[in-house]
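If you read the protein sequences in the order shown, they are chains A and B. Going by our numbering, the first residue of the first sequence is number 24, and it counts up by one from there. Going by our numbering, the first residue of the second sequence is number 2, and it counts up by one from there.
These are computed hints drawn from the structure, not numbers from a lab. Glycine included, C-beta positions come from ideal geometry on N, C-alpha and C. Don't take every hint at face value.
With a straight-line cut-off of 25 Å between C-alpha atoms, the simulated DSS-like cross-links for lysine-lysine are [what the hints assert, rightly or not]:
hint : chain 1 : residue 1 : chain 2 : residue 2
1    : B       : Lys-16    : A       : Lys-208
2    : B       : Lys-126   : B       : Lys-87
3    : B       : Lys-16    : A       : Lys-210
4    : A       : Lys-205   : B       : Lys-33
5    : B       : Lys-126   : A       : Lys-315
6    : A       : Lys-64    : A       : Lys-229
7    : A       : Lys-229   : B       : Lys-16
8    : B       : Lys-126   : B       : Lys-62
9    : B       : Lys-102   : B       : Lys-151
10   : A       : Lys-321   : A       : Lys-78
11   : A       : Lys-229   : B       : Lys-9
12   : B       : Lys-62    : A       : Lys-317
13   : B       : Lys-83    : A       : Lys-317
14   : B       : Lys-33    : A       : Lys-198
15   : B       : Lys-62    : A       : Lys-229
16   : B       : Lys-126   : A       : Lys-94
17   : B       : Lys-33    : A       : Lys-201
18   : A       : Lys-64    : A       : Lys-236
19   : B       : Lys-151   : B       : Lys-62
20   : A       : Lys-78    : A       : Lys-94
21   : B       : Lys-16    : B       : Lys-5
22   : B       : Lys-33    : A       : Lys-210
23   : B       : Lys-98    : B       : Lys-151
24   : B       : Lys-33    : A       : Lys-208
25   : B       : Lys-83    : A       : Lys-78
Which chain A residues stay away from chain B? Per the calculated CB distances, all over 12 Å, these [unchecked claim]:
hint : residue
26   : Arg-86
27   : Leu-115
28   : Met-148
29   : Glu-171
30   : Asn-195
31   : Arg-259
32   : Leu-270
33   : Ala-318
34   : Glu-326
35   : Gln-373
36   : Lys-374
Here is what each chain is made of, one letter per residue.
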Amino acid sequence: MFEEVATTEQGDLVINVGPQHPSTHGVLHLIITLRGETIMKIEPHLGYIHRSIEKMCEGLTYRQFVYVTSKMDYLSSHINNHGCVLCVEKGLQLEVTPRAQVIRVLMDELTRIASHCLWWGALGMDVGALTPFFHAFREREMINVIMEETCGTRLTMNYMVPGGVMADLHSNFQKRVKQFIKDFKPKLIEYDDLLTNNSIFIERMKGVGILSKDDAVSYGCTGPTARGSGVSCDIRKWYPYEIYDKLNFEEVLETEGDSYSRYMVRVREFRQSLSILEQLIDNIPEGDFQTKTKAVLKLPKGEFYSKVETARGEFGVYIVAEGATNPYRIKFRSPGFSNLSALDHIARGQKIADMIAIMGSLDFVIPDIDR
Amino acid sequence: MFLKEYFKTIFGTVKSLLTGMRRTGYYFTHGKEIITQEYPNEYPVLADRFRGEVVMIHDEKNEHRCTGCSACEISCPNGTIKIISKFETGPDGKKKKAIDKFVYHLELCTFCNLCIEACPTSAIKMDQAFEHSVFDRSRLTKVLNKPGSKIMEGVE
Ligand code: SF4
Ligand code: SF4
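Between the sequences and the hints, there should be enough to build the whole structure, so can you do that?
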């Protein structure tokens, strides 16, 4: 009986990875068909943590729905909130003060570093190196302390509000960020020593899970996943929001398309984000941190779309407004979902042990895929 | 040729491993740089903005600033706050709306700070308490206005 259930007609073995497997970074359920050790097919099964966030947002006001989006991609919660407030501001035609814009960008880049830190540590652990995890969390903790001081929470911030940010920067903020920049730079060399230049790690990542440029485009991959295949898709460069067009940073591109390229994109993005922080931290303009808005926000009838670059790719918010205090319909375009759709294509023909490295290099946050 | 490559790979691997091990060894011998916090022996210092739970500000005369306007209740995304108001007869004989119970369901709260932003009289704030585990969930439902408290003079 067991034999019949676990194999296909061709004698291929069908196994389940997840939903409670540590290497799937959450409750992702993959049904993998194996011939020997080779992957024939991967079917991702979603729905284990579906919370119907889009439907939930339709019942909330324009101030309240921003908060819920921190619970999607919880590692880029600032950036998710940012996308939402940008969309609401577009509808209200609100101008945001220069100070608020700079604060938002600073927070976004800190979030990106924190998110990449966690990914870096977790990837190391996936491929069997335990030490990086602790190193990455040490640096992430420094960012969490900065966030905690200014925003009040460590993970799901709800710091951005339509019209600006919720509170002014804490008086320690500049000091702490400068300290972080100073401390983090030598740590990047440490990261390279521990993982990037480690031959065992390179062996496991190079040439594994190749995603060609065309496939990356046709699967709708965005973010570091697509940039690892040489697709230039950074929203901060292509459709600059806030002050990104005035900043001096480069879009990181790698051409190989394998797991190691995706790894290198993120590791190099550490330095780009750091350079953005350096450019801004001494140039925070004075002024209000919030534009005065009405207590009850009403978007005019119409459709609004805005997109931001999260640590994982393009995050889009689409609001259909009917002139009421809550949206008529909301749609989120989350990067993880499209990136996951490429997994089956990438992993076919690879060995089962490489699947974990491929998944790690795609950097999934499951609540983001499964809203 | 093959042998040369073979040994080059071996030495390269050993070298990269040693580089990594040097980092590990550094932290092994520099125990002071390890940042483990030994909670609960070592109590964390929390930021003053840390969102632990919602509390109502009372002064030493047991007076608060809450008028019972329900702005916080409306702004809460998940129905954490229930304002139960009553009508009080003021000293001038007029009936006035006042707060009877400010019911706060801590188990529902997501610490989004929206209620605090919404309050027109700054009657509530976030507290730094974070140890919320209890044996019985009914203890998570709290009444925030202290017994016998009343509204401050002059707060409308
Ligand atoms: S912090 Fe947010 S969830 Fe909690 S009571 Fe206030 S508005 Fe409601
Ligand atoms: S706490 Fe503030 S917002 Fe809530 S009922 Fe009292 S006065 Fe109104």
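To see whether the hints hold, each was checked on the structure:
| no. | hint | result |
| --- | --- | --- |
| 1 | B:Lys-16 - A:Lys-208 | holds (23 Å) |
| 2 | B:Lys-126 - B:Lys-87 | holds (23 Å) |
| 3 | B:Lys-16 - A:Lys-210 | holds (20 Å) |
| 4 | A:Lys-205 - B:Lys-33 | holds (19 Å) |
| 5 | B:Lys-126 - A:Lys-315 | holds (21 Å) |
| 6 | A:Lys-64 - A:Lys-229 | holds (22 Å) |
| 7 | A:Lys-229 - B:Lys-16 | holds (19 Å) |
| 8 | B:Lys-126 - B:Lys-62 | holds (18 Å) |
| 9 | B:Lys-102 - B:Lys-151 | holds (11 Å) |
| 10 | A:Lys-321 - A:Lys-78 | holds (19 Å) |
| 11 | A:Lys-229 - B:Lys-9 | holds (18 Å) |
| 12 | B:Lys-62 - A:Lys-317 | violated (35 Å) |
| 13 | B:Lys-83 - A:Lys-317 | holds (24 Å) |
| 14 | B:Lys-33 - A:Lys-198 | holds (23 Å) |
| 15 | B:Lys-62 - A:Lys-229 | violated (70 Å) |
| 16 | B:Lys-126 - A:Lys-94 | holds (23 Å) |
| 17 | B:Lys-33 - A:Lys-201 | holds (22 Å) |
| 18 | A:Lys-64 - A:Lys-236 | holds (21 Å) |
| 19 | B:Lys-151 - B:Lys-62 | holds (9 Å) |
| 20 | A:Lys-78 - A:Lys-94 | holds (14 Å) |
| 21 | B:Lys-16 - B:Lys-5 | holds (16 Å) |
| 22 | B:Lys-33 - A:Lys-210 | holds (17 Å) |
| 23 | B:Lys-98 - B:Lys-151 | holds (12 Å) |
| 24 | B:Lys-33 - A:Lys-208 | holds (20 Å) |
| 25 | B:Lys-83 - A:Lys-78 | holds (24 Å) |
| 26 | Arg-86 | violated (6 Å) |
| 27 | Leu-115 | holds (17 Å) |
| 28 | Met-148 | holds (15 Å) |
| 29 | Glu-171 | violated (5 Å) |
| 30 | Asn-195 | violated (9 Å) |
| 31 | Arg-259 | holds (27 Å) |
| 32 | Leu-270 | holds (28 Å) |
| 33 | Ala-318 | violated (7 Å) |
| 34 | Glu-326 | holds (24 Å) |
| 35 | Gln-373 | holds (22 Å) |
| 36 | Lys-374 | holds (20 Å) |
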